[in-house]
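Hey, can you work out the whole structure from these sequences and the hints?
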Amino acid sequence: MRKRIYLSQQNTRSKDEANEKDHKPLSKQLQQNVDYIHYRLHSPGDLITKEIELGESGLSCVIMNLDGMIDKTIVHQQLMKPMIAFGSQLDAESLADPERIVKRLKDEVLPTEEVLSIYRMDDALYAILSGDTCLFLNGTGHALVIGTKGWLRRSIEEPQTESTIRGPKDGFTEDIRTNSSLIRRRIKDSDLRMDSHLIGSRGRREVMVAYMQDIVNPKLVDEVKKRLLSIQIDDVEGSGYIEQWISDSFLSPFPQILNTERPDRFAASLLQGRVGLLVDGTPFQLVMPISISDAFKSPEDYYQHWLLSSLIRALRYISTFVATFLPGFYIALAEYHHGMIPSNIAFSIASAREGVPFPVFIEAMLMEATLEILREAGVRLPKPIGQTIGIVGGLVIGEAAVSAGLVSPVMVIVVAVTAIASFTLPSYSFGIVTRILRFFIMMLASVLGLFGVILGFLIICIHLVNLKSFGLPYLTPISPLFLSDWKDLILRAPVTFIRKRPEMLQTEDKNRLND
Amino acid sequence: MAKRLLLLAACFLIMLPLSGCWDQIELEQRGFVIGVAIDEGKMPEDEGKKGAKQSFRVTFQEVIPAGLRQTSQSGGSLAGDSYFNITLEGRTMLSVIAKMSSMTSRTPFFEHLKLVIISEKVASTKYGFANVLDYFLRNNDARRSVAVMVAKGEAKSVLDTLPQGEKTPVMFVQSISKNQDSYRMVPETRIGDVHEYLLKKESFVVQKVNTKGNYISLIGAAVMDGMDNNLVGTLNETETEGYNFLHEGIKGGVLEILIGDNLVAFKVERVDRKIKAVTEDLARIRFEIELNVEGSMLEAFERKDYLKDATINELEEKVTDSIKQLVEQTISKTQKELKKDVLGLGTHLKEQHPKVWDRVSNNWDTGDNYFASSQIVVTAEVGLRRIGSVNNTEERGE
Numbered sequence: 001m002r003k004r005i006y007l008s009q010q011n012t013r014s015k016d017e018a019n020e021k022d023h024k025p026l027s028k029q030l031q032q033n034v035d036y037i038h039y040r041l042h043s044p045g046d047l048i049t050k051e052i053e054l055g056e057s058g059l060s061c062v063i064m065n066l067d068g069m070i071d072k073t074i075v076h077q078q079l080m081k082p083m084i085a086f087g088s089q090l091d092a093e094s095l096a097d098p099e100r101i102v103k104r105l106k107d108e109v110l111p112t113e114e115v116l117s118i119y120r121m122d123d124a125l126y127a128i129l130s131g132d133t134c135l136f137l138n139g140t141g142h143a144l145v146i147g148t149k150g151w152l153r154r155s156i157e158e159p160q161t162e163s164t165i166r167g168p169k170d171g172f173t174e175d176i177r178t179n180s181s182l183i184r185r186r187i188k189d190s191d192l193r194m195d196s197h198l199i200g201s202r203g204r205r206e207v208m209v210a211y212m213q214d215i216v217n218p219k220l221v222d223e224v225k226k227r228l229l230s231i232q233i234d235d236v237e238g239s240g241y242i243e244q245w246i247s248d249s250f251l252s253p254f255p256q257i258l259n260t261e262r263p264d265r266f267a268a269s270l271l272q273g274r275v276g277l278l279v280d281g282t283p284f285q286l287v288m289p290i291s292i293s294d295a296f297k298s299p300e301d302y303y304q305h306w307l308l309s310s311l312i313r314a315l316r317y318i319s320t321f322v323a324t325f326l327p328g329f330y331i332a333l334a335e336y337h338h339g340m341i342p343s344n345i346a347f348s349i350a351s352a353r354e355g356v357p358f359p360v361f362i363e364a365m366l367m368e369a370t371l372e373i374l375r376e377a378g379v380r381l382p383k384p385i386g387q388t389i390g391i392v393g394g395l396v397i398g399e400a401a402v403s404a405g406l407v408s409p410v411m412v413i414v415v416a417v418t419a420i421a422s423f424t425l426p427s428y429s430f431g432i433v434t435r436i437l438r439f440f441i442m443m444l445a446s447v448l449g450l451f452g453v454i455l456g457f458l459i460i461c462i463h464l465v466n467l468k469s470f471g472l473p474y475l476t477p478i479s480p481l482f483l484s485d486w487k488d489l490i491l492r493a494p495v496t497f498i499r500k501r502p503e504m505l506q507t508e509d510k511n512r513l514n515d
Numbered sequence: 001m002a003k004r005l006l007l008l009a010a011c012f013l014i015m016l017p018l019s020g021c022w023d024q025i026e027l028e029q030r031g032f033v034i035g036v037a038i039d040e041g042k043m044p045e046d047e048g049k050k051g052a053k054q055s056f057r058v059t060f061q062e063v064i065p066a067g068l069r070q071t072s073q074s075g076g077s078l079a080g081d082s083y084f085n086i087t088l089e090g091r092t093m094l095s096v097i098a099k100m101s102s103m104t105s106r107t108p109f110f111e112h113l114k115l116v117i118i119s120e121k122v123a124s125t126k127y128g129f130a131n132v133l134d135y136f137l138r139n140n141d142a143r144r145s146v147a148v149m150v151a152k153g154e155a156k157s158v159l160d161t162l163p164q165g166e167k168t169p170v171m172f173v174q175s176i177s178k179n180q181d182s183y184r185m186v187p188e189t190r191i192g193d194v195h196e197y198l199l200k201k202e203s204f205v206v207q208k209v210n211t212k213g214n215y216i217s218l219i220g221a222a223v224m225d226g227m228d229n230n231l232v233g234t235l236n237e238t239e240t241e242g243y244n245f246l247h248e249g250i251k252g253g254v255l256e257i258l259i260g261d262n263l264v265a266f267k268v269e270r271v272d273r274k275i276k277a278v279t280e281d282l283a284r285i286r287f288e289i290e291l292n293v294e295g296s297m298l299e300a301f302e303r304k305d306y307l308k309d310a311t312i313n314e315l316e317e318k319v320t321d322s323i324k325q326l327v328e329q330t331i332s333k334t335q336k337e338l339k340k341d342v343l344g345l346g347t348h349l350k351e352q353h354p355k356v357w358d359r360v361s362n363n364w365d366t367g368d369n370y371f372a373s374s375q376i377v378v379t380a381e382v383g384l385r386r387i388g389s390v391n392n393t394e395e396r397g398e
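Residue numbers (the UniProt record's numbering), protein chains in the order written: chain A, 1 to 515; chain B, 1 to 398.
Simulated from the structure, these hints should not be mistaken for laboratory data.
Treat the hints with care, since some could be wrong.
[As the list claims (entries may be wrong)] Here are the simulated distance ranges between beta carbons:
1. B:R386 <-> A:L513: 53 to 59 Å
2. B:T104 <-> A:L483: 54 to 60 Å
3. B:P17 <-> A:V495: 40 to 46 Å
4. A:L307 <-> B:I312: 46 to 52 Å
5. A:V396 <-> B:M103: 57 to 63 Å
6. B:L7 <-> A:R184: 28 to 34 Å
7. A:K510 <-> B:A9: 52 to 58 Å
8. B:S361 <-> A:G355: 57 to 63 Å
9. A:V495 <-> B:I312: 55 to 61 Å
10. B:P354 <-> A:S484: 49 to 55 Å
11. A:Q506 <-> B:A9: 33 to 39 Å
12. B:P17 <-> A:I436: 18 to 24 Å
13. B:L7 <-> A:L483: 44 to 50 Å
[Unchecked claim] To spell it out: a stretch of chain A is covered by chain B in this simulated footprint if at least three of its residues, at any positions, have a beta carbon under 8 Å from a beta carbon of chain B; those stretches are:
14. 385 to 399
15. 442 to 453
Quick caveat, the model's predicted, so the values are computed rather than measured.
Glycine included, every Cβ here is placed at the ideal spot set by N, Cα and C.
Next comes the structure, spelled out in structure tokens:
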């Protein structure tokens, strides 16, 4: 039984006076308790209320749970069967002492370790609503909660968003217990902490704050918990809610909290001295704090040879620049700085643009907008249709627009290269940033030329220098400078050379080696 | 407060489109001028304006981008012409260009200019060469890498030839001028280098372009006076060879020498030049030029064992002689006939013997002409690096 949850209910907001009422203790009268729960839940169709008589003279007790939330075989094998067997042994004398019966049930009879006594109405309600079974006995002021949670879960599958070639193939699922087990399986250390909290006054979603007690900076844990408990909303559907509630700046397009579907990345982050949040009901778990360098890192980098990883990581940096600046750069060159293009390229661009009715900026906007529409449509549509959209879109835009003379082939190349380059970032949420900034740069380029592109770059830089993620400046380790962290920045040094945890995280335990 | 901030932000945002876009032109609206040929004009003297004696006939070559495109359909000629020439007259470059923009559909654009050709006649008038180039140097449109050439006869005819293998005559001439194997022409002269020479008042050579019917050749060189900025003479084929040896400009070339009764071709691969100046007597400054030539023998009609020391020595000696002969021709031409220092000897004095240079600089290759009276001694050291893949050429059986 998850004892901690019941003790940590202080952070669920009291939503109305009804909640206050629920603090009332359980009644000694069985019928009152049952009636009250029926009254509070409004007797829904899936509420199972099963009355049993223990023994001959009959000590009546009631089992309550929600159909569909429970594992029926557990209820049958571990609750009903032993109870009936136990009841038949009872004589009239022992039936007179219900308190003793409850104690014997809890300690001897029920063959499950998930048994807990509760004394309050709201605990009983929460137990039933979260899939456990409540056992009320007549004449006692408390009830037993038996862990019978068992709903249909998705099995562990390969992560959809961050795929790797050599890495482990298991990904987080929607079930927090599965997810926490995935982390526990990776870090078998007594200092791994997973503190549970219930977030949301109605949803009461379990969120686990995971960290390594002896590694992490304690101030960071305090800050994360403080922000987490400040969430005042009825339900956090998905980790995106939490991310938006607790991140530093809501105006910045840059994500200040990393979301990942990969347990290996999550576990590695904990060991680096970061704090992770496991959120129930979503496969996307959160890691904080992060800096911009984490946008370019993939777990894959550490599984492959360092030379390959370094080159690929350098490639990601380049392609991020390409994805953000290439269309703007092209617009600036083609609209203002014709002398800066090498002659032969200038002539071929000019010949390709011959007869195109739009200025370069409009042409670029049209193409980029079409691409975004295609991308959005491809994501939203059912998978088989999504692929068709890709083919149709590619054909229509690549071939027809060019042959109709609406768009120059050079522009198609620019847009295509940009689109592909924006996919090289391992994290989807960082990829979105390049898409937003690209339009910003394009507009500046069309108005001010290369000066605008440089201006845009400066604006982005100024913003990044100002941004922080849980107190960690966003541009670390570049500015402020942490030279030892450069081993794992653009290049990834061989694993044997990375002896320290990231200096920028200011961890308690700085050394990774066992000496 | 918030309202005021919003207003301020809006003002800044409006400023961008208001002040931006002022020089925006689409790429395809530019008329890319890639070559300019300047000839003497026939406009009558203008009595009203003093100094308005000269006029120019300027030919512009503009590319037609659509014609340059690689056509995928069979028959590439369908794409149409890839360039057109337009010839106009005027007294200054700017006025001609202004005239031109009223006659072409696209605004002339000089940032992709590749080549300026000046006719011999225009270049030989006093200051003529520099005057003509003034526009291209002052206006920051054109790059400093624009090639400058002097045309024998009419400059316009160079732009009128039919290019072979290239899309436009300018590209054709330009790619010839970049060929490194030929040492019958001087290395490419860029307008930036010319500008430097003009400012330093140093004499220099410029590539020379000759047209004969539809053929273009860049053999020879034009010698320019650093003081008067005009053409003073030309170097012929062999004199240019000698010039290249003396000026380290060589990157490849062939010397034919006689061994026995047959020819042997020696391919020059590298030349190092060392100059030593003896400046005791200003009236007879002695320059000792040491040339270190390396090369290989790639063609031999004389049957001999070229691995023998004696043969190699003979070959090296013969090559040395032939280089000396070439070089002396050039020296006598520049020193005795043209009396212009294009060999860079003045620069050597300036760099190595500044005090001497201070005294002679005003009369170096003008006036008293210390250059003409100096003594130039050339020694050459030839090293044969390879004799090719054939080791032993059989002796001819009698």
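Cross-check of the supplied hints:
no.	hint	in the structure
1	B:R386 <-> A:L513: 53 to 59 Å	holds (58 Å)
2	B:T104 <-> A:L483: 54 to 60 Å	holds (59 Å)
3	B:P17 <-> A:V495: 40 to 46 Å	violated (52 Å)
4	A:L307 <-> B:I312: 46 to 52 Å	holds (49 Å)
5	A:V396 <-> B:M103: 57 to 63 Å	violated (42 Å)
6	B:L7 <-> A:R184: 28 to 34 Å	violated (57 Å)
7	A:K510 <-> B:A9: 52 to 58 Å	violated (45 Å)
8	B:S361 <-> A:G355: 57 to 63 Å	holds (59 Å)
9	A:V495 <-> B:I312: 55 to 61 Å	holds (59 Å)
10	B:P354 <-> A:S484: 49 to 55 Å	holds (53 Å)
11	A:Q506 <-> B:A9: 33 to 39 Å	holds (37 Å)
12	B:P17 <-> A:I436: 18 to 24 Å	holds (21 Å)
13	B:L7 <-> A:L483: 44 to 50 Å	holds (46 Å)
14	385 to 399	violated (count 0)
15	442 to 453	holds (count 6)
Of the numbered hints listed earlier, those contradicted by the structure are 3, 5, 6, 7 and 14.
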